Amino acid sequence: MAGTVALRAMTAPQRRGRALAGSSPWTKGLLVALTLGFLGLVLLVPLAAIFTEALRKGVGACMEAIADPAALAAVKLTLLVAAIAVPANLVFGLAASWAVAKFNFVGKSVLTTLIDLPFAVSPVISGLIYVLVFGLQGWLGPWLQAHDLRVIFAVPGIVLATVFVTFPFVARELIPLMQEQGQEEEQAALSLGASGWRTFWHVTLPNVRWALLYGVILCNARAMGEFGAVSVVSGHIRGRTNTVPLHVEILYNEYNFVAAFSVASLLVLLALVTLVAKSLVEWQARRSASLAAPLAGRVLSA
Amino acid sequence: MSIEVRNITKTFGRFTALRDVSLTVPSGDLVALLGPSGSGKTTLLRIIAGLDSPDPQPPSAILFHDQDVVGHDVGRRGVGFVFQHYALFRHMTVAENIAFGLRVRPRALRPGRAAIRDKVRELLRLIQLEGLENRLPSELSGGQRQRVALARALAIEPRVLLLDEPFGALDARVRQELRRWLRRLHDEIHVTSVFVTHDQEEALEVADRVVVLNAGRIEQEGTPDEVFHRPRTAFVMEFLGRVNVFHGRVDMGKAFVEGVELKGRVGDPVAGNGHARIFVRPHQFALSTRAQDGAAFRGTVRYLNTAGPLVRLEVQTDVAGLLAVEISQEEHGRLGLSQGSVVYVTPREAQAFPSDFSI
Chain G
1 MAGTVALRAM
11 TAPQRRGRAL
21 AGSSPWTKGL
31 LVALTLGFLG
41 LVLLVPLAAI
51 FTEALRKGVG
61 ACMEAIADPA
71 ALAAVKLTLL
81 VAAIAVPANL
91 VFGLAASWAV
101 AKFNFVGKSV
111 LTTLIDLPFA
121 VSPVISGLIY
131 VLVFGLQGWL
141 GPWLQAHDLR
151 VIFAVPGIVL
161 ATVFVTFPFV
171 ARELIPLMQE
181 QGQEEEQAAL
191 SLGASGWRTF
201 WHVTLPNVRW
211 ALLYGVILCN
221 ARAMGEFGAV
231 SVVSGHIRGR
241 TNTVPLHVEI
251 LYNEYNFVAA
261 FSVASLLVLL
271 ALVTLVAKSL
281 VEWQARRSAS
291 LAAPLAGRVL
301 SA
Chain P
1001 MSIEVRNITK
1011 TFGRFTALRD
1021 VSLTVPSGDL
1031 VALLGPSGSG
1041 KTTLLRIIAG
1051 LDSPDPQPPS
1061 AILFHDQDVV
1071 GHDVGRRGVG
1081 FVFQHYALFR
1091 HMTVAENIAF
1101 GLRVRPRALR
1111 PGRAAIRDKV
1121 RELLRLIQLE
1131 GLENRLPSEL
1141 SGGQRQRVAL
1151 ARALAIEPRV
1161 LLLDEPFGAL
1171 DARVRQELRR
1181 WLRRLHDEIH
1191 VTSVFVTHDQ
1201 EEALEVADRV
1211 VVLNAGRIEQ
1221 EGTPDEVFHR
1231 PRTAFVMEFL
1241 GRVNVFHGRV
1251 DMGKAFVEGV
1261 ELKGRVGDPV
1271 AGNGHARIFV
1281 RPHQFALSTR
1291 AQDGAAFRGT
1301 VRYLNTAGPL
1311 VRLEVQTDVA
1321 GLLAVEISQE
1331 EHGRLGLSQG
1341 SVVYVTPREA
1351 QAFPSDFSI
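For the record, the sequence lines run as chains G and P.
The working numbering applies: residue 1 is where the first sequence begins, and numbers increase by one.
The working numbering applies: residue 1001 is where the second sequence begins, and numbers increase by one.
In case anyone wonders, no lab produced these hints; they're calculated from the structure.
Not one of these hints is a red herring.
Selected chain P positions facing chain G (Cβ under 8 Å, derived; list incomplete):
id	residue
1	Ala1049
2	Leu1051
3	Val1074
4	Gly1075
5	Val1079
6	Phe1081
7	Phe1083
8	His1085
9	Ala1087
10	Phe1089
11	Arg1090
12	His1091
13	Phe1100
14	Gly1101
15	Val1104
16	Ile1156
Quick caveat: nothing in here was measured; it's all calculated off a predicted structure.
Beta carbons: idealized from backbone N, C-alpha and C, even for Gly.
This is chain G alone, in the form it adopts within the complex (with noise of 0.2 Å):
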């Protein structure tokens, strides 16, 4: 992951320091042309798109799509959801990533490898597995319904899908970081008399506040985002089980382009925000880090 990379503590004399020596300018300018064209053509063209198709029939008729009942409960839906599972994965991604960077136990790399499961497994079966467990043919199919629980085709099942696909991404954040700073700070605190709570509030968190608040926000755009895992266990009902982007799809299903378009330039301004926020705490970071460069340059030139 890129941000994984940013986060590292590079200082601006190693960035400059990366400049190819000895490239001529025409081999910049070709492959500067070439980025912005392919980016121009696959990104911003379509972009553009979605906001020219959404105002199409000028802004009231944008706005009363959003405003429709079914899109404001879509909307409220995706905000519950990404209310349950950012918060969970938050939880599960610092408590992974301190087990994993600061002990040894056994089953250790298998944890880790288990935490880039998501990313290696299409978002449709990870949907799908929830069917195999939860729905009335699966496995506790049938406990589910004699005590009148519904998991699929209802929110709990969409939030399931979410947190299953949304959680390597604070782990994978932290990990690394974590990792790279090693132990010595919080024995030293222990050391000290702190108990462990105060050494996790006082130094852990602290040390890892921006690779968090980053991860968090990635983890918080997919949530929003999700599609396809939600998509299989949503049902896909009007105004109960539809998420934005699942609302999206039945109105552009449906002929219904501008009201489509509008809603989906609601995922896209979330997604501006996002890459807005992210920009933001990168820059944070870096400078956190230019600060403490002399003591994590020694980590990274060990």
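Knowing the structure of chain G, use the given hints to seat chain P on it.
Only chain P this time, still in chain G's reference frame:
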């Protein structure tokens, strides 16, 4: 506060870091644990601190002032621990770092704000960093950071102070300065202190007592003078300073190398009779430009370095290999040696240890 450890064994998987180590540190002393890497010195320090625990078998004990602290975790032992790489809290200022140990005390034991401030000021003066209290650790030099780490450890008024390679990450000049400073500081505050080092010069210069470790065992323990001048094992002899090694024989208190008797005093412990490894330090040779009867090796000067308080030579001998020799500048002036000169080398003193193998 004296420290006593008894029968400490520590294994990491198949690696045995410490084998049945027992040690007593008298109250108020500054003791060096000296050894090569992998000798177990840091492990022993961490076990004393409570950052690691000894193997449950054989039964062991760690006593602070005759009180067993094995069951106490690191926070309750009242130790000040200074880490090799400082381990300062990177997001806290110098003052916050120093005050940390006082601020995290339970309310009943915590000094008031003013008292903490005074304590921090007092420690800043002690480590000679007044005026830098609002800096972050990243804005300090290595030597300054190490002093802050020391002040942070001293703030809790520890019963014992433990330092893990305290100067290991510093450059040579700062190292020398800081270790003299540590010695003066210890003379001032007299807290029982143990520090780990792989640098024999540092151990001999700073410590009241030196404990030499090798492969998880204590080889010798004593004052710097004792371990340097009366090494009990070949390892200690070799580890503390440069040596020339001869394989020879000892017979009735006399040492022979290649049939030549070493006329100098052969120090204790003499190897008894039989095969021996005979050690001579570079400064224990007498040089002459004329052949003397019997005891001298004849050789040629291969290398000569006059830059420094002593003149260092390498002499290629006919029978005893290449020897490292140190002589005073005056003697060098008297002998007038240059590269290629023929010299006769006579050991004035030697230490013999029994050979592990026969030649």
